[in-house]
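> Top line first, the protein sequences correspond to chains S and X.
What the first sequence shows, in numbering that gives the first Met the number 0, is residues 0 to 588, in sequence order.
What the second sequence shows, in numbering that gives the first Met the number 0, is residues 0 to 588, in sequence order.
Treat the hints as calculated values from the structure; they're not laboratory data.
Some hints could be false.
Treat identical chains as interchangeable: a pair holds within one or across any two.
[Said to hold, decoys possible] Taking lysine-lysine and the DSSO-like style, the derived pairs with C-alpha atoms no more than 30 Å apart in a straight line are: (1) Lys-45 - Lys-267; (2) Lys-221 - Lys-315; (3) Lys-175 - Lys-279; (4) Lys-77 - Lys-45; (5) Lys-315 - Lys-175; (6) Lys-175 - Lys-221.
Number of protein chains: 2
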Amino acid sequence: MSYTHPYQDADFVLRQIVKFDELGADAGLDEANMDLAVAVLEEAGKMGSEVLAPLNWSGDQAGISLGEQGVQEAPGFKEAYQQFAQAGWLSLSVAEDFGGQGLPNVLSTAVNEVWQSANISFALCPMLSIGAMESIGHHASHALQSAYLPKMASGEWTGTMNLTEPDAGSDLAAVKTRAVPNGDHYLVTGQKIFITWGDHQMTENIVHLVLARLPDAPAGVKGISLFIVPKFLLDADGNPAERNAAHCLSVEHKLGIHASPTCVMEFKEAVGYIIGEPNKGLSYMFTMMNHARQAVGLQGLSISERAYQQARVFAKERLQGTRRDGSRIPIIEHPDVRRMLMLMRASCEAMRALALVAAAEVDRARYAQAAEAQAMHTARVELFTPIVKGWLTELSQEMTYLNIQIHGGMGFIEETGAAQHYRDARILTIYEGTTGIQALDFIGRKTLSDQGAALALLLAEIRITAEDLRATNTLHASILDGLESALARGVVAREWLLQSAPSDANLAGSASVNFLMLFGYLCGGWLMAKQAGLAQAQLAAGEGDAYFLKNKLITARFYAEHLLPRTQGHLAAMLAGSESTMALAEDAF
Amino acid sequence: MSYTHPYQDADFVLRQIVKFDELGADAGLDEANMDLAVAVLEEAGKMGSEVLAPLNWSGDQAGISLGEQGVQEAPGFKEAYQQFAQAGWLSLSVAEDFGGQGLPNVLSTAVNEVWQSANISFALCPMLSIGAMESIGHHASHALQSAYLPKMASGEWTGTMNLTEPDAGSDLAAVKTRAVPNGDHYLVTGQKIFITWGDHQMTENIVHLVLARLPDAPAGVKGISLFIVPKFLLDADGNPAERNAAHCLSVEHKLGIHASPTCVMEFKEAVGYIIGEPNKGLSYMFTMMNHARQAVGLQGLSISERAYQQARVFAKERLQGTRRDGSRIPIIEHPDVRRMLMLMRASCEAMRALALVAAAEVDRARYAQAAEAQAMHTARVELFTPIVKGWLTELSQEMTYLNIQIHGGMGFIEETGAAQHYRDARILTIYEGTTGIQALDFIGRKTLSDQGAALALLLAEIRITAEDLRATNTLHASILDGLESALARGVVAREWLLQSAPSDANLAGSASVNFLMLFGYLCGGWLMAKQAGLAQAQLAAGEGDAYFLKNKLITARFYAEHLLPRTQGHLAAMLAGSESTMALAEDAF
Chain S
0 MSYTHPYQDA
10 DFVLRQIVKF
20 DELGADAGLD
30 EANMDLAVAV
40 LEEAGKMGSE
50 VLAPLNWSGD
60 QAGISLGEQG
70 VQEAPGFKEA
80 YQQFAQAGWL
90 SLSVAEDFGG
100 QGLPNVLSTA
110 VNEVWQSANI
120 SFALCPMLSI
130 GAMESIGHHA
140 SHALQSAYLP
150 KMASGEWTGT
160 MNLTEPDAGS
170 DLAAVKTRAV
180 PNGDHYLVTG
190 QKIFITWGDH
200 QMTENIVHLV
210 LARLPDAPAG
220 VKGISLFIVP
230 KFLLDADGNP
240 AERNAAHCLS
250 VEHKLGIHAS
260 PTCVMEFKEA
270 VGYIIGEPNK
280 GLSYMFTMMN
290 HARQAVGLQG
300 LSISERAYQQ
310 ARVFAKERLQ
320 GTRRDGSRIP
330 IIEHPDVRRM
340 LMLMRASCEA
350 MRALALVAAA
360 EVDRARYAQA
370 AEAQAMHTAR
380 VELFTPIVKG
390 WLTELSQEMT
400 YLNIQIHGGM
410 GFIEETGAAQ
420 HYRDARILTI
430 YEGTTGIQAL
440 DFIGRKTLSD
450 QGAALALLLA
460 EIRITAEDLR
470 ATNTLHASIL
480 DGLESALARG
490 VVAREWLLQS
500 APSDANLAGS
510 ASVNFLMLFG
520 YLCGGWLMAK
530 QAGLAQAQLA
540 AGEGDAYFLK
550 NKLITARFYA
560 EHLLPRTQGH
570 LAAMLAGSES
580 TMALAEDAF
Chain X
0 MSYTHPYQDA
10 DFVLRQIVKF
20 DELGADAGLD
30 EANMDLAVAV
40 LEEAGKMGSE
50 VLAPLNWSGD
60 QAGISLGEQG
70 VQEAPGFKEA
80 YQQFAQAGWL
90 SLSVAEDFGG
100 QGLPNVLSTA
110 VNEVWQSANI
120 SFALCPMLSI
130 GAMESIGHHA
140 SHALQSAYLP
150 KMASGEWTGT
160 MNLTEPDAGS
170 DLAAVKTRAV
180 PNGDHYLVTG
190 QKIFITWGDH
200 QMTENIVHLV
210 LARLPDAPAG
220 VKGISLFIVP
230 KFLLDADGNP
240 AERNAAHCLS
250 VEHKLGIHAS
260 PTCVMEFKEA
270 VGYIIGEPNK
280 GLSYMFTMMN
290 HARQAVGLQG
300 LSISERAYQQ
310 ARVFAKERLQ
320 GTRRDGSRIP
330 IIEHPDVRRM
340 LMLMRASCEA
350 MRALALVAAA
360 EVDRARYAQA
370 AEAQAMHTAR
380 VELFTPIVKG
390 WLTELSQEMT
400 YLNIQIHGGM
410 GFIEETGAAQ
420 HYRDARILTI
430 YEGTTGIQAL
440 DFIGRKTLSD
450 QGAALALLLA
460 EIRITAEDLR
470 ATNTLHASIL
480 DGLESALARG
490 VVAREWLLQS
500 APSDANLAGS
510 ASVNFLMLFG
520 YLCGGWLMAK
530 QAGLAQAQLA
540 AGEGDAYFLK
550 NKLITARFYA
560 EHLLPRTQGH
570 LAAMLAGSES
580 TMALAEDAF
């Protein structure tokens with residue numbers, strides 16, 4: 000159950016597809032180049048393999064407990080967290096003003112792949128902290144920023160996000176937690192559920208960000224404000240002192256991510272400080288939503304990669320069947336096992352490319368000089384985010400499933416560890432917005448609302464890649480044909496949607512997930528074909544690692560042959576419209 | 000977490016598709032008619048809902064334990080088992096000679112759906128017993144049959160199947176357990192793993208069937224014999240007396256089916272009695288393999304049905320979002336939730352039809368008068384069995400996944416119970432032969448070995464249905480077009496396989512799972528279209544329950560629009576052949 004970061008593939012994508020050196024130079028970040036990226040990823044790989052990965056299975060088995068002192072995390076987690084924080088990993092992409100290193104988002108994303116592969120339960124803690132830092136960094140007063148950000152960036156304190164309430168689910172309009180003004184602060188009262196790492200003993204303070212309503216706030220989502228509610232109030236020197244009335248009431252008994260405490264949090268007139276202006280809490284949350292959603296999408300890649308690594312080791316070691324000479328056959332020689340391994344490998348490579356390309360768009364939007372470029376990259380971030388979240392996490396279900404399948408009966412035994420990845424992965428299509436919510440976002444806010452303009456630009460860019468590759472014509476026909484066919488399906492899907500949606504209120508919702516999945520497979524196929532083209536060019540020029548490049552060509556071909564055809568089923572289901580989906584009376588179910 | 004048997008759908012399939020009355024009459028079984036079936040299913044439904052279903056979640060949580068006395072089953076299981084046995088449910092399809100009721104296999108299959116939906120961990124125990132009874136009933140001496148079968152048919156004793164050994168997995172050629180002759184019996188020594196219900200306290204005896212090698216037996220699968228090894232040896236009166244040296248060494252810690260003990264069994268010179276002739280153990284195992292594989296396929300339907308029932312209740316109760324008038328919206332009104340529920344409903348109906356049609360072929364093969372008819376039905380059983388096992392269990396992964404997805408965050412919390420179905424379902428694509436093994440069986444032994452003859456007959460039968468429906472032309476175009484297109488893909492797949500396989504040793508293995516899944520969806524679509532045609536005819540004639548029949552038309556249309564198009568992706572992946580699957584060097588993984 001060891002883990003090694005697939006540095007060569009990450010390097011190839013960063014260097015060739017993302018063009019990280021160019022990105023750093025354009026952004027005026029002198030140090031942000033591939034030399035730095037290589038060094039950072041190497042260090043991250045060590046930390047992941049040596050410190051975090053060994054705690055993944057033990058953390059799942061030990062789980063967490065709730066006692067008098069609050070939540071007790073799994074053994075070894077505190078020491079690992081301190082090592083992790085001291086190495087500076089929390090501050091990678093935090094602004095230098097607040098003690099961070101100000102590195103591009105795409106590099107911290109590449110690094111985050113390591114943490115999420117090594118130990119998804121552990122990695123949720125820094126992931127949530129970074130999200131909280133983003134909100135504070137963008138919207139809080141300078142005083143609040145000075146008081147909280149440096150300690151969070153150093154990892155001395157962690158952060159949490161408190162959104163969901165009982166019976167509210169994804170429906171933030173139903174938030175009932177209230178905040179009453181009281182001098183320079185507010186008194187926050189209410190209950191929040193599903194709070195990841197809501198309590199623990201790893202750090203001396205925890206900074207809760209809490210959505211709540213002011214008295215007489217407008218109803219619905221326009222009446223929600225955002226507050227900082229620290230576990231311990233700060234004394235005059237800014238050190239944690241008095242315990243605040245923010246406690247973990249209970250912890251959930253979950254299918255997976257057992258070492259990540261999921262808390263019911265109770266706030267009883269807890270002291271809170273408002274972030275930014277009243278009633279703008281939801282828009283402040285949206286600031287970090289793209290980041291958080293891409294980060295969860297990345298978890299889909301990470302856990303798939305971890306599952307793939309476990310499956311390939313087993314497939315080489317496990318003997319089943321006998322050759323005529325009496326020697327036993329490792330199951331990797333069985334074509335169907337090979338097919339499953341190739342599905343995992345090709346999916347991981349496609350997911351990695353898409354996750355990094357999407358993360359780089361965040362940087363390009365941030366550092367763009369021209370308004371037009373900024374608008375274009377921002378639209379691309381908006382478009383990619385639900386695809387990365389929705390498609391990668393859906394795919395990760397299949398990949399962790401295949402890992403168990405390759406293990407056969409052993410995969411069903413918990414000690415093997417394959418089941419843990421399957422259990423852990425199951426939350427990914429749910430939290431930070433279910434696949435259904437991602438798909439509605441993609442089809443509605445991201446496509447219908449601009450008449451498909453941003454999507455048309457993406458399709459045009461894919462077409463350029465397809466035409467370039469066809470013009471060079473050095474790739475296997477499957478790659479060229481597969482990309483062109485899938486692209487054509489994407490074009491049909493977009494046009495059909497724009498034409499049909501206005502006259503059928505149920506159409507977008509009925510078609511949304513198939514629409515999202517179609518574009519997920521298409522984007523993956525686009526970036527695999529692009530990588531194949533670059534690999535072929537390097538091979539022709541005698542550059543690069545020929546072994547790696549030839550394998551990339553095979554994997555890209557497999558992707559085109561086995562994964563891209565799935566767009567057919569998604570398109571057909573989509574074009575069926577909403578009639579048969581909606582026709583049954585509710586009582587008939 | 001309640002459960003109600005969907006009797007109306009089972010009734011429709013048995014009456015209209017299986018033509019159970021005709022089957023009973025043809026078989027000369029006077030009592031085997033729909034009146035009896037209705038009565039039996041009603042009683043089974045009560046037993047399932049009232050006795051077994053309430054123990055499903057508690058059994059998962061309590062699990063089983065291993066102590067001095069062996070395995071202790073979950074609380075309530077012993078009482079439930081005794082109630083179940085006393086009601087005669089074990090003997091439904093056992094021959095009347097041995098105290099059974101001699102009812103058709105298709106009826107006991109319809110009944111088995113209830114047990115497997117209500118409590119899959121519990122239902123594994125009678126399922127294994129029935130398998131053991133089949134082997135004994137077909138191959139053991141009359142003396143052994145008389146000693147063991149009546150007590151097993153009455154449910155007083157249970158039976159187990161001991162095949163797998165450490166490091167052997169699906170590879171029965173590697174069986175090492177040995178049996179040494181010792182007077183009128185043998186002494187059996189060896190270790191077996193993954194033995195379902197290998198020990199418990201529910202009955203006073205357990206009849207283990209054990210695969211082992213005689214001294215000087217030929218190597219490989221041709222040297223395996225089958226033995227009865229009872230937990231307690233029988234005294235002169237045939238009652239359990241001396242404890243035999245067959246013990247449960249340890250129990251597995253599994254992802255799911257926690258209330259079903261999975262034992263490591265140790266036999267130390269345990270007294271055993273040979274079944275039939277030496278070295279024919281494997282062929283005796285194959286006798287029951289079709290039955291066992293179809294039974295596991297049925298578990299795929301059953302757990303999907305249970306998951307569907309849970310999902311639809313939640314979708315009606317759970318409120319998310321607000322209408323303009325301020326009232327809250329149950330999530331069943333959201334089109335994407337509706338889409339997921341329809342996927343579950345349509346899949347369950349298709350699976351049920353296929354499972355019952357396949358089970359009826361077993362009866363038709365058994366009771367056929369003419370040799371030609373017998374051969375045809377036998378071939379059909381052989382063809383359907385891997386499809387039922389492979390396709391239904393694969394589909395059940397998605398269905399139990401969708402149940403969690405509809406529950407959102409609540410689905411990830413164990414107390415909700417949705418996670419249990421997901422965990423329990425995960426074993427179904429593995430035990431009794433993985434999907435890969437089913438697919439190899441389907442593409443190799445069932446298709447290539449007869450040059451596709453049996454498959455051609457099935458395709459011809461599907462074509463007749465498609466032509467009949469087209470001639471009547473009263474169904475929605477999606478159903479007619481969908482079936483015809485999928486049928487055309489099936490024809491292409493078969494022809495391509497017959498043409499391409501001879502020249503490529505890796506082709507069948509590379510294509511097998513896609514081939515199997517294509518035919519699974521096609522068979523499901525065939526039977527859904529057939530049901531739609533019958534429903535339409537009944538509606539036109541003013542017969543039957545119009546509400547049920549109209550819903551069947553909608554569900555069949557949804558199946559054709561959303562599930563049949565998946566055959567496109569499977570065909571395309573298959574036609575890609577083996578090159579990209581096999582091209583990567585083993586070291587590259």
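> Next step is simple, just say for each hint if it's right about the structure.
Hints and how they fare:
{"no.": "1", "hint": "Lys-45 - Lys-267", "verdict": "neither (43 Å within a copy, 48 Å between copies)"}
{"no.": "2", "hint": "Lys-221 - Lys-315", "verdict": "between (57 Å within a copy, 28 Å between copies)"}
{"no.": "3", "hint": "Lys-175 - Lys-279", "verdict": "within (16 Å within a copy, 71 Å between copies)"}
{"no.": "4", "hint": "Lys-77 - Lys-45", "verdict": "within (18 Å within a copy, 52 Å between copies)"}
{"no.": "5", "hint": "Lys-315 - Lys-175", "verdict": "between (55 Å within a copy, 23 Å between copies)"}
{"no.": "6", "hint": "Lys-175 - Lys-221", "verdict": "within (13 Å within a copy, 71 Å between copies)"}
Checked against the numbered hints given earlier, this structure breaks only hint 1.
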